[in-house]
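Q: Letter by letter, the chains look like this.
2 protein chains.
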Amino acid sequence: MASGKILVAQGGGPTAVINQSLAGVVLEARRFRAIDQVYGARHGVRGIINEDLVNLTHETSLNLEAVANTPSSALGSTRDKPDDKYCQEIFKVLRAHEIGHFFYIGGNDSSDAVRIVSLEAQKAAYPLRCIHIPKTIDNDLVGSDHTPGFPSAARFVAQAFAGANLDNASLPGVYIGVIMGRHAGFLTAAAALARKFPDDGPHLIYLPERNFSMEQFLVDVKETYQRYGRCVVAVSEGIHDASGTAIASLLAKEVERDAHGNVQLSGTGALADLLCDEIKAKLNIKRVRGDTFGYLQRSFLGCVSDVDQREAREVGEKAVQFAMWGQRDGSVAIKRSGNYAVNYELLALEAVAGKTRVMEDEFINASGTGVTDAFRLYLQPLLGAGMPDAHRLRFSPVAKVLK
Amino acid sequence: MASGKILVAQGGGPTAVINQSLAGVVLEARRFRAIDQVYGARHGVRGIINEDLVNLTHETSLNLEAVANTPSSALGSTRDKPDDKYCQEIFKVLRAHEIGHFFYIGGNDSSDAVRIVSLEAQKAAYPLRCIHIPKTIDNDLVGSDHTPGFPSAARFVAQAFAGANLDNASLPGVYIGVIMGRHAGFLTAAAALARKFPDDGPHLIYLPERNFSMEQFLVDVKETYQRYGRCVVAVSEGIHDASGTAIASLLAKEVERDAHGNVQLSGTGALADLLCDEIKAKLNIKRVRGDTFGYLQRSFLGCVSDVDQREAREVGEKAVQFAMWGQRDGSVAIKRSGNYAVNYELLALEAVAGKTRVMEDEFINASGTGVTDAFRLYLQPLLGAGMPDAHRLRFSPVAKVLK
Chain G
1 MASGKILVAQ GGGPTAVINQ SLAGVVLEAR RFRAIDQVYG ARHGVRGIIN EDLVNLTHET
61 SLNLEAVANT PSSALGSTRD KPDDKYCQEI FKVLRAHEIG HFFYIGGNDS SDAVRIVSLE
121 AQKAAYPLRC IHIPKTIDND LVGSDHTPGF PSAARFVAQA FAGANLDNAS LPGVYIGVIM
181 GRHAGFLTAA AALARKFPDD GPHLIYLPER NFSMEQFLVD VKETYQRYGR CVVAVSEGIH
241 DASGTAIASL LAKEVERDAH GNVQLSGTGA LADLLCDEIK AKLNIKRVRG DTFGYLQRSF
301 LGCVSDVDQR EAREVGEKAV QFAMWGQRDG SVAIKRSGNY AVNYELLALE AVAGKTRVME
361 DEFINASGTG VTDAFRLYLQ PLLGAGMPDA HRLRFSPVAK VLK
Chain P
1 MASGKILVAQ GGGPTAVINQ SLAGVVLEAR RFRAIDQVYG ARHGVRGIIN EDLVNLTHET
61 SLNLEAVANT PSSALGSTRD KPDDKYCQEI FKVLRAHEIG HFFYIGGNDS SDAVRIVSLE
121 AQKAAYPLRC IHIPKTIDND LVGSDHTPGF PSAARFVAQA FAGANLDNAS LPGVYIGVIM
181 GRHAGFLTAA AALARKFPDD GPHLIYLPER NFSMEQFLVD VKETYQRYGR CVVAVSEGIH
241 DASGTAIASL LAKEVERDAH GNVQLSGTGA LADLLCDEIK AKLNIKRVRG DTFGYLQRSF
301 LGCVSDVDQR EAREVGEKAV QFAMWGQRDG SVAIKRSGNY AVNYELLALE AVAGKTRVME
361 DEFINASGTG VTDAFRLYLQ PLLGAGMPDA HRLRFSPVAK VLK
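So the sequence lines, in the order shown, correspond to chains G and P.
Using full-length UniProt numbering, the letters of the first sequence correspond one by one to residues 1 to 403.
Using full-length UniProt numbering, the letters of the second sequence correspond one by one to residues 1 to 403.
Incorrect hints may have been included.
Repeated chains share a single entry, so a pair holds when one copy, or any two copies, can fit it.
Derived pair list, reagent style DSSO-like, types lysine-lysine, alpha-carbon separation capped at 27 Å [as the list claims (entries may be wrong)]:
hint : residue 1 : residue 2
1    : K400      : K81
2    : K123      : K85
3    : K335      : K282
Read the hints as simulated data drawn from the structure, not as lab findings.
In this text the structure is predicted, and so the values were computed from the model without any measurement.
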C-alpha cells in the first residue's frame with residue numbers, strides 16, 4: 001500500500017494552462033481520504049534532488065483557483081533532462097520523504113523521467129505510483145489528440161496573425177512571423193486560423209515537417225507579392241534544409257545548445273532577420289518586416305482558450321483518479337470523442353516517453369506551404385469561445401474627376 | 001459656406017482603435033443635414049493624390065461598428081510625409097471633388113500635413129475645414145494628456161511583461177523585451193504596470209529620454225541578477241548613447257531608412273540580440289533571451305483598452321462637431337478632467353504639427369531605469385477594465401530529510 005503523501009512537479013517550457021493541471025492534482029487529491037499531504041517540488045526534478053519541496057496542502061482553494069488561471073509554471077520549471085543516475089537521485093528523495101504517488105506535468109522529456117523513476121521504484125520494490133500529466137505548446141506528444149497548452153498558444157498565434165495581416169494590409173509589404181516548434185509544426189500551422197477573407201494572410205506557411213529551400217521560398221514570396229501586393233508568412237523556428245540543418249543555424253555566429261544538445265532557436269530574432277535580408281536583397285521589395293513571437297506565445301497574460309483551461313484541469317484530476325484507482329503507472333492522454341468532446345485514457349509510459357509526434361500528412365497541403373481543411377476542423381474547436389473577429393469596409397469606389 | 005462633402009483618411013502606423021475614430025467621423029457626420037457624402041481615401045494622403053477614394057456613406061452602421069472594433073487602419077495607411085508640393089496635390093484633389101471638410105487621423109507627421117493643406121486652402125480662398133484627429137501608440141503628441149491608440153498598446157505591453165515575468169520566474173535567467181518608440185518612452189515605460197509583487201519584473205527599464213551606456217547597463221543587469229537570481233528588462237527600440245547614436249544602429253550592416261530619414265528600428269530583432277550577446281559575453285550568464293515585441297504590440301487582435309476604444313470614438317465624433325460648429329481648423333486633444341474623466345479641445349494645428357512630446361521628468365525615476373508613482377497613476381486608468389491578474393502560490397517549505 002502506497003503512503004498518504006503525493007508529490008507534484010512541473011517541467012519544461014511553461015504554458016498558459018499548466019497551473020490548471022497543478023490545481024487539478026491538488027484539489028482532486030484532497031478529496032481522497034488516503035492522501036494526507038500534497039507536496040510540490042520547486043523547479044521540477046531539480047527541486048526534487050535538491051529537496052526543495054513545499055507543502056501544497058497549506059494552500060487555500062481560492063488561491064489555487066487564482067493560480068490555475070495564471071500562466072507559467074507556478075512551482076517553477078527546469079530544463080534538466082534526467083538520465084538514469086539523476087532518476088536514482090529523484091527516487092532516493094521520494095523514498096526519504098515517503099512519497100507514494102509522483103505526478104510530473106511536462107512534455108516528452110518529462111514523461112521519460114517519469115518512466116525511469118517508475119523503473120527505479122520497481123527495481124527497489126518500493127510502492128510508488130508514477131503518473132505523467134501532459135503539457136506542451138508544441139502538441140508533439142504521441143498518443144494524444146492534442147496536448148494541454150497547445151490550444152492557448154495556437155489561439156495566441158491565430159490572433160497575432162489576424163492582427164499582423166490587418167497591419168500588413170494597411171501598410172503593404174512582406175511580413176514574416178517566426179513561431180516556436182523545433183520538430184512539430186502544429187503551432188506554426190495555427191496561423192492559418194487567422195484567415196477570414198480569401199486574400200487574408202498568412203499566405204505562406206513553412207513547417208519543419210517539410211524541407212525548406214531558400215530558392216523556392218523566394219519564388220513563393222515573389223508570386224504572392226505579385227498577386228496581392230503584399231505577403232504575410234508564418235515560419236517555424238525549426239525549418240531546416242534537405243540535409244536536416246536548421247536554417248536558423250546557418251548564420252549563427254556562436255551556436256548555443258541546451259542540455260539536450262539542441263541549438264537555441266527561441267529568444268533570438270536571427271531567423272526572421274535572415275529571411276528578411278534574403279527577400280530585400282533578392283526580390284527588391286522595400287518594406288520587409290520580421291517578428292519573432294518568442295516567449296509571448298506561451299506566456300502572454302490574458303490570451304487563453306477556455307477549452308484548454310478545462311482540459312488542463314481535467315488531466316490533472318484524472319491523473320489523481322488513475323493513480324488512486326488504477327493498478328499501473330502511465331501517461332494521461334486526451335482522446336477526441338465528438339465534435340467537440342474528449343475522454344481521458346492512461347497510456348503506458350513507454351508509449352509516450354521520449355517520442356515526438358509531428359504533423360500528420362493529411363494536415364499539410366500539397367505545396368507544403370499551407371494547411372488542409374482537415375487541420376482547420378481539427379484545430380477550430382480547440383481555440384475556445386470568444387475568438388475575436390476581423391471586419392472590413394466594403395469599399396464603394398468614387399469615380400475619379402482629375403484622371 | 002463649405003460643401004456637403006467630407007473626406008476622411010488614416011495615416012501612419014495602425015493602432016488597435018484607429019477605426020473607432022473613423023466610425024466616429026462617419027456616423028457623427030451623417031447626423032448633420034449639411035453633409036451629403038462621406039468619402040474615405042485609401043492609404044492616407046497617397047490615396048488622395050491618386051484619387052483612390054471610396055464612398056463611406058454606402059457603409060451600413062452595423063459594419064462600421066464591426067470595423068470600429070477591428071484593429072489597424074481599415075482605409076489603409078501610408079508612410080508618405082507630404083511636403084508643400086505634395087500638399088498642393090492633395091488640395092487639388094480636394095477641390096476637384098468639392099470636399100468641404102478634411103479629417104486626417106494620424107500622428108504628428110499627419111497633423112503637419114493637415115496644417116499645410118489648411119494653409120493651401122486659405123491661400124486659394126477655398127472654403128475647407130481641416131481637422132487633425134490624434135492617433136499614435138507612441139503617445140508623443142504635444143498638448144494632449146494622451147493619444148488614442150497608446151492605452152491599448154500599453155495594455156498589450158503590460159500584459160506581455162506580466163507573462164514574461166512569470167515565464168522568467170519559472171525558468172530563471174535574463175529576459176529582454178524590446179518595445180516600440182523612437183523618441184518617446186511612454187510605451188516602454190508601460191511595462192512597469194506589469195509588476196504586482198515587489199520582486200516582479202521588469203526590474204529595469206531603458207527609455208530614449210535617457211542616454212544609454214552599455215557599461216552601466218551591464219552593471220545594472222548584474223546587480224539585479226545577483227539580487228533576484230533573474231532579471232527582466234524592458235528596452236525602448238530608440239535607446240541611444242550620449243552622442244545620440246541609436247544603439248540599434250551600432251551593429252546594423254545595412255541601415256534602412258524611411259521617408260523621414262529615420263533608421264529602421266522595428267521589424268528586426270537586432271537590438272535585442274545585440275544586448276543579449278553583450279550579457280552572455282561579459283556577465284557569464286547562461287540563460288539570456290531577447291524578444292522584440294514588433295508589430296504585435298500595435299495590431300494584436302483581441303487586446304484592447306475599453307477606455308481607449310471610447311476615447312478614440314469620441315475624438316472622431318468631436319472632430320466632426322468642431323468642424324461643423326467651430327470657426328477654425330485644428331487638432332483634437334484629450335484633456336484629463338478627473339480621475340478618471342476627459343474632455344476634448346481643439347488645439348491650433350501649429351501647436352501640434354511636427355512636434356514631439358517625450359516623457360516628462362516626473363515620470364522617470366532618479367536612476368533612469370524605472371518609472372515613478374506619478375507615471376503609474378497616470379497610466380493605470382487608461383488600461384481599461386478587466387486587466388488580467390497574476391497569482392502565486394504561498395510557498396510553505398517542507399523540512400529536508402536527507403540534507
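Q: Would you mind marking each hint as holding or not holding in the structure?
A: Each hint tested on the structure:
For the identical chains of this complex, K400 and K81 are inter-copy neighbours only, at 23 Å across copies versus 67 Å inside a copy, given an alpha-carbon limit of 27 Å. Taking identical chains as interchangeable, the C-alpha atoms of K123 and K85 lie at most 27 Å apart only when both belong to the same chain, with a minimum of 14 Å there against 86 Å between chains. In the homo-oligomer, the alpha carbons of K335 and K282 never lie at most 27 Å apart, since the shortest distance is 47 Å inside one protomer and 49 Å across protomers.
The structure fails hint 3 only (numbered hints given earlier).
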